[in-house]
Amino acid sequence: MTKIYIPQLFCSFIRGGLMFFDCVIAFQMPSTTSVLVFISFLISTSFCITIELGNLQSVAVNGKLLCNDKPANNIKVKLYEEEAILDVLLDERFTSEDGTFEMSGSKSEVTTIDPKLNIYHKCNYDGVRFEEAIRYNNPNSFQICVRKISIMIPTEYITNGEKPARTYNIGEINLASKFSGQSTDCFN
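In our numbering, the protein residues as written are -7 to 180.
Just so you know, these hints were derived from the structure itself, not from any lab. Fair warning: there could be bad hints in the mix.
No farther apart than 25 Å at their CA atoms in a straight line, the calculated lysine to aspartate or glutamate pairs in the DMTMM-like style are these [said to hold, decoys possible]:
| hint | residue 1 | residue 2 |
| --- | --- | --- |
| 1 | Lys114 | Asp61 |
| 2 | Lys62 | Glu89 |
| 3 | Lys99 | Asp61 |
| 4 | Lys140 | Glu154 |
| 5 | Lys70 | Glu164 |
| 6 | Lys170 | Glu89 |
| 7 | Lys114 | Glu73 |
| 8 | Lys114 | Glu84 |
| 9 | Lys70 | Asp106 |
| 10 | Lys114 | Glu101 |
| 11 | Lys70 | Glu84 |
| 12 | Lys155 | Glu73 |
| 13 | Lys114 | Glu74 |
| 14 | Lys140 | Glu164 |
| 15 | Lys56 | Glu94 |
| 16 | Lys108 | Glu164 |
| 17 | Lys68 | Asp79 |
| 18 | Lys62 | Glu101 |
| 19 | Lys140 | Glu75 |
| 20 | Lys114 | Glu148 |
| 21 | Lys99 | Glu84 |
| 22 | Lys170 | Glu101 |
| 23 | Lys70 | Asp177 |
| 24 | Lys56 | Glu89 |
| 25 | Lys99 | Glu73 |
| 26 | Lys170 | Glu154 |
| 27 | Lys155 | Asp106 |
| 28 | Lys140 | Glu89 |
| 29 | Lys56 | Glu101 |
| 30 | Lys108 | Glu74 |
| 31 | Lys108 | Glu75 |
| 32 | Lys114 | Glu154 |
| 33 | Lys155 | Asp118 |
| 34 | Lys68 | Glu84 |
| 35 | Lys99 | Asp79 |
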């Protein structure tokens, strides 16, 4: 008789109940084929469980960006779902000629998603330039860093389902202003 230790997630799925400890399933294994079939079952079950866990949630955001009171066109904006380690990109756009943008995204998660909008701009910002360009005082040097502004989207604008029911409007933002939490980003 062979014993296989199964983590709690699989165990609770197999037995149909909630368990907070690992379980052991003992069974006869007459051949290598049985082992491969059982492993295939576990892999496919784990894939199904991870897909089915959580609710699909969506969010939408729009607004207008200005630089010194003029429309800020071609500004990169990204919509993220904030995570503890690495944020998940939901959508990425650039502002239009009149400085406006509109974007949306969705993600499945057990808890409520934490969406945020990141704005990457060079309005009134010289940025960080390559060392050689600075040394030779080249005004046309390549700028590698930008300013980043992050705006958290309130939970009341999160919708269950694939299509957002409401859109969070950030209004008009003049990027020439100073913002709390503003940072420099060289890897966006």
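Okay, the hints, checked on the actual structure:
no. : hint            : verdict
1   : Lys114 / Asp61  : holds (14 Å)
2   : Lys62 / Glu89   : holds (10 Å)
3   : Lys99 / Asp61   : violated (35 Å)
4   : Lys140 / Glu154 : violated (28 Å)
5   : Lys70 / Glu164  : holds (17 Å)
6   : Lys170 / Glu89  : holds (23 Å)
7   : Lys114 / Glu73  : holds (24 Å)
8   : Lys114 / Glu84  : holds (17 Å)
9   : Lys70 / Asp106  : holds (14 Å)
10  : Lys114 / Glu101 : violated (34 Å)
11  : Lys70 / Glu84   : holds (4 Å)
12  : Lys155 / Glu73  : holds (16 Å)
13  : Lys114 / Glu74  : holds (24 Å)
14  : Lys140 / Glu164 : holds (16 Å)
15  : Lys56 / Glu94   : holds (9 Å)
16  : Lys108 / Glu164 : holds (17 Å)
17  : Lys68 / Asp79   : holds (17 Å)
18  : Lys62 / Glu101  : violated (39 Å)
19  : Lys140 / Glu75  : holds (18 Å)
20  : Lys114 / Glu148 : violated (31 Å)
21  : Lys99 / Glu84   : holds (15 Å)
22  : Lys170 / Glu101 : violated (34 Å)
23  : Lys70 / Asp177  : holds (13 Å)
24  : Lys56 / Glu89   : holds (10 Å)
25  : Lys99 / Glu73   : holds (8 Å)
26  : Lys170 / Glu154 : violated (35 Å)
27  : Lys155 / Asp106 : holds (17 Å)
28  : Lys140 / Glu89  : holds (20 Å)
29  : Lys56 / Glu101  : violated (30 Å)
30  : Lys108 / Glu74  : holds (7 Å)
31  : Lys108 / Glu75  : holds (11 Å)
32  : Lys114 / Glu154 : violated (33 Å)
33  : Lys155 / Asp118 : violated (39 Å)
34  : Lys68 / Glu84   : holds (7 Å)
35  : Lys99 / Asp79   : holds (12 Å)
Hint compliance for this structure: hints 3, 4, 10, 18, 20, 22, 26, 29, 32 and 33 are broken, all remaining hints hold.
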